[in-house]
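Enquirer: Use the sequences and the hints to build the structure in full.
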Amino acid sequence: MRIAVQRHDFDAGAEIRRLAGDGSIGAIASFVGLVRDVQMTLEHYAGMTEREIAKIAHEAVKRWSVIDVTVIHRFGELQPAEQIVLVVVAAAHRGEAFAACEFIMDYLKTRAPFWKKEHRGGAEEWVQAKASDDAAAERWTAKEE
Amino acid sequence: MRVRLLFFASLREQLGTSGEELDLPSEVTTVAALREHLMQRGGAYGKAFGGKALVRAAVNQDMVQPSTRLKAGDEVAFFPPVTGG
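Quick mapping for you: the protein sequence lines, in order, are chains A and B.
Take the first sequence: its letters are residues 6 to 150, numbered as in the numbering used here.
Take the second sequence: its letters are residues 5 to 89, numbered as in the numbering used here.
No incorrect hints appear here.
Label pairs and their in silico Cβ distance ranges:
1) B:Arg8 x A:Arg144: 34 to 40 Å
2) A:Arg23 x B:Gln44: 49 to 55 Å
3) A:Arg23 x B:Asn64: 31 to 37 Å
4) A:Ala25 x B:Gln44: 55 to 61 Å
5) A:Gln133 x B:Ala48: 18 to 24 Å
6) A:Ala32 x B:Leu58: 37 to 43 Å
Derived from the structure by calculation, the hints contain no laboratory data.
Values in this document were obtained by computation on a predicted structure and should not be read as measured data.
Note that the Cβ used here is the ideal one computed from N, Cα and C, for glycine as well.
Expert: Following this line, the structure appears as structure tokens:
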């Protein structure tokens, strides 16, 4: 498992290739989150961020017998179209890989301590949390029996 | 009982500080009581920790509920709902 919280950009292709090669892996699903058309600053709670992401990734590994997980999340100043987050999940089959990848993203959005501030012209504004993000994470709880 | 407080994002900006060391009065034993204690400072604290403000808390870097009990040396963080991803 590889969890990284960093300022610099990442190479999704290299991260995917890094997980390949184990004969038991039949599927790798990946997700890349991008900045839309706004400049932003991402603040985080150093230490807790890595812990929360690791907890979420471990949970995914347990639920779907995932073979390996990589999560990279950036912080600091980000420009439009830059990459923010990468989730790569390797599993024996695609169903597990897709599900675990989505689960990790849904939980990351509601549990990992990151906060986005958008800059538009001279104005800055903290992004408000969305109820739809909580609902997306809740889906996975409802699924448990 | 002394704890370390941390504030993040909009809360940090509202309060004008990223944290402090604080000696708690003996009656402040839970996260909810600490929030109330901070709110009673009034001003920016009154607003930031008032009833309507959406504030989350973590103790020693784990998300907690308001009823969580505090102990000496805890790192207690307050912040708005998260918006990463």
